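A.B. asks: Take the given structure of chain A and dock chain B to it, following the hints.
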Amino acid sequence: MVAPYLEFDDAYFSAPDRRMRPLDGVELAVAPGELLWVTPPDAASRLPLADAACGVLACRAGAVRIAGEPWGEIHPNRAAFRRSRIGRVYHHGGWISNLNVRENILLARRHHGDDSENALAEEAESWARRFLLDAVPRSRPAETPGDALRAAEWVRAMLCRPRLLLLENPLVRAAGDAVAAFGAAIAEQRRRKCAVLWISLVAPPESAGRVDRKAIVRGRRAALEEPAS
Amino acid sequence: MPPIRTSTISRRTTAGVVRAAATASSLLAMLGRSGRRRAAAAVDAAALLGAVVYAAALPSTWRRTTRDVLARQLLFTSVDGASTAARIGAAVGVLMIVQAALWLDAFGADPEMVAPLFLRLSVRELGPLLASLIVIGRSGAAISAELATMKVNEELEVLESQGIDVMTYLVAPRVIGVIISVFSLALLVVCSMLAGGYLVGALVRAIRTSADQFLADLLRQADFVDLLFFLSKTIVVGLFVGTICCTAGLRVRRAATDIPRVAARSGVQALSGVFIVSAALSLIIYGRVLIFQVL
Numbered sequence: 001m002v003a004p005y006l007e008f009d010d011a012y013f014s015a016p017d018r019r020m021r022p023l024d025g026v027e028l029a030v031a032p033g034e035l036l037w038v039t040p041p042d043a044a045s046r047l048p049l050a051d052a053a054c055g056v057l058a059c060r061a062g063a064v065r066i067a068g069e070p071w072g073e074i075h076p077n078r079a080a081f082r083r084s085r086i087g088r089v090y091h092h093g094g095w096i097s098n099l100n101v102r103e104n105i106l107l108a109r110r111h112h113g114d115d116s117e118n119a120l121a122e123e124a125e126s127w128a129r130r131f132l133l134d135a136v137p138r139s140r141p142a143e144t145p146g147d148a149l150r151a152a153e154w155v156r157a158m159l160c161r162p163r164l165l166l167l168e169n170p171l172v173r174a175a176g177d178a179v180a181a182f183g184a185a186i187a188e189q190r191r192r193k194c195a196v197l198w199i200s201l202v203a204p205p206e207s208a209g210r211v212d213r214k215a216i217v218r219g220r221r222a223a224l225e226e227p228a229s
Numbered sequence: 001m002p003p004i005r006t007s008t009i010s011r012r013t014t015a016g017v018v019r020a021a022a023t024a025s026s027l028l029a030m031l032g033r034s035g036r037r038r039a040a041a042a043v044d045a046a047a048l049l050g051a052v053v054y055a056a057a058l059p060s061t062w063r064r065t066t067r068d069v070l071a072r073q074l075l076f077t078s079v080d081g082a083s084t085a086a087r088i089g090a091a092v093g094v095l096m097i098v099q100a101a102l103w104l105d106a107f108g109a110d111p112e113m114v115a116p117l118f119l120r121l122s123v124r125e126l127g128p129l130l131a132s133l134i135v136i137g138r139s140g141a142a143i144s145a146e147l148a149t150m151k152v153n154e155e156l157e158v159l160e161s162q163g164i165d166v167m168t169y170l171v172a173p174r175v176i177g178v179i180i181s182v183f184s185l186a187l188l189v190v191c192s193m194l195a196g197g198y199l200v201g202a203l204v205r206a207i208r209t210s211a212d213q214f215l216a217d218l219l220r221q222a223d224f225v226d227l228l229f230f231l232s233k234t235i236v237v238g239l240f241v242g243t244i245c246c247t248a249g250l251r252v253r254r255a256a257t258d259i260p261r262v263a264a265r266s267g268v269q270a271l272s273g274v275f276i277v278s279a280a281l282s283l284i285i286y287g288r289v290l291i292f293q294v295l
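Heads up: the sequence lines are chains A and B, in that order. The opening position of the first sequence corresponds to residue 1 in the working numbering, with each subsequent residue numbered one higher. The opening position of the second sequence corresponds to residue 1 in the working numbering, with each subsequent residue numbered one higher.
Mixed in with the good hints there might be a few duds.
To be verified - Over 12 angstroms on every C-beta distance to chain A, these chain B residues come out as not near it, computed from the model:
(1) Arg19
(2) Leu74
(3) Ala86
(4) Ala90
(5) Gly137
(6) Val158
(7) Gly163
(8) Tyr169
To be verified - Computed footprint of chain B on chain A; a stretch qualifies when at least three of its residues, placed anywhere within it, have a C-beta under 8 angstroms from a C-beta of chain B:
(9) 84-93
(10) 98-109
The hints are simulated quantities; they were obtained by calculation from the structure and are not laboratory data. What you are looking at is a predicted structure, and each value in this text was computed from that prediction instead of being measured. Quick reminder that beta carbons are idealized off the backbone N, C-alpha and C, glycines included.
Chain A on its own, in the form it takes in the complex (with noise of 0.2 angstroms):
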């Protein structure tokens, strides 16, 4: 049985504001290569799941490990370099607003590695056309159209070469010929070892592979169900 990468250990989450749902007792698990796909009570509900898988949000009791360490326990410089492996969609977008939408996908890859800037836009720009965008949007988050900007926040998840992907409503406003793109890249990135937690509604699309576990959230629970067919 392979380690998981990211695991719930009977983790206690309170809300640190009235938009996020409290959850209790949280007993979950993705191993490297597999996808768990939880869901919300509702499109509104924002878990904290997502927060607490990076080391944002602390969990009043129990524990959330990335690669068997609590993230508690984690050096800050070393916590920093897990955290540049993880790709996320935010359920709220997630961008910075001062910057355009090229520097929002390429800030992660230039504040942690050396890597040439040629070499990291071509890279943008290949996830980009993958997507099928004509190119990285270099207008500000707020200037640029909802479709492209789904497909942007795309890119900087996989940018990052990520162990860990955590992705919350991926497909809202997504461009429908770019969800099974979207999908293959995820199948892509499982084939590399990554971790993928699916917070959202609507299934993973089909091209994203197997859905390992599927978990539910109701009130402040989350119950793990049989493996989706």
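C.D. replies: Relative to the frame of chain A, chain B by itself:
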């Protein structure tokens, strides 16, 4: 009319006393809350200042993304503010030379006192002070508003979730940028004050030496203590201005309506900080407060 009973008077007096006590208690509580709030803000600012100094000293802080932020801050504050600094410096230089001419004539003093007086006033006090005011006006409120907006929109959490430390990426380059800007704009203000003052002074015959001689007089009067004071004042004041503005922005509560209030308040707080720090540095380096020898 029936007489007012003694018991009624007593009840009214007692009620009045209770109300007065309640008002006094509320005022004290308000003062206490205000004091605690200010103390908490001061503690936060001191902590941020220490963290910035520590982060800025680490080579690992200055990655290319952080250097980009520093470059943007310098462009916005220093480069874009240069013309304002030159204009204000020249105008103040003219004001100073006119006043110097009036007072030297009134007291029958030697016109050769103009150069040293001019230099000392501009280098010791007016140059750093005007540069600080320009930086606060141009950038202080903008920095606070920007950081406050980022906090309200949860952009700080986005940076953290990407493994990007807020202190090293957002705060340290802004504070360092403000320090460099205060220093460079203060230099510009001093130069434009001296140039503007000399031109007008020569026109009104308050200065009767050639430009070369005036410059030579200035250089002869400049001493190491003045330069030390100028350098320390611009750096320390810049550090406080940057720290105060960043702290104010990061302490915003998560409501968009707080942002303009935070921005306005940070400007006033930074202004107070500038004068307090300037007075303290004058006391330490020259042993004087205003014209009074203290140390």
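A.B. asks: For each hint, tell me whether it holds in the structure or not.
C.D. replies: Do the hints match the structure? See the list:
1. Arg19: For Arg19(B), whose nearest Cβ neighbour in chain A is about 38 angstroms away, the distance exceeds 12 angstroms, so it holds.
2. Leu74: 16 angstroms, holds
3. Ala86: Consistent with the label, Ala86(B) stays out of reach of chain A, its closest Cβ about 28 angstroms off (over 12 angstroms).
4. Ala90: Ala90(B) is indeed farther than 12 angstroms from all Cβ atoms of chain A, at 33 angstroms.
5. Gly137: 20 angstroms, holds
6. Val158: About 5 angstroms separates Val158(B) from the closest Cβ of chain A, which leaves it inside 12 angstroms; violated.
7. Gly163: 3 angstroms, violated
8. Tyr169: 7 angstroms, violated
9. 84-93: holds (count 5)
10. 98-109: Since 3 is at least three, the answer is holds.
The structure is inconsistent with the numbered hints 6, 7 and 8, although it conforms to all the rest.
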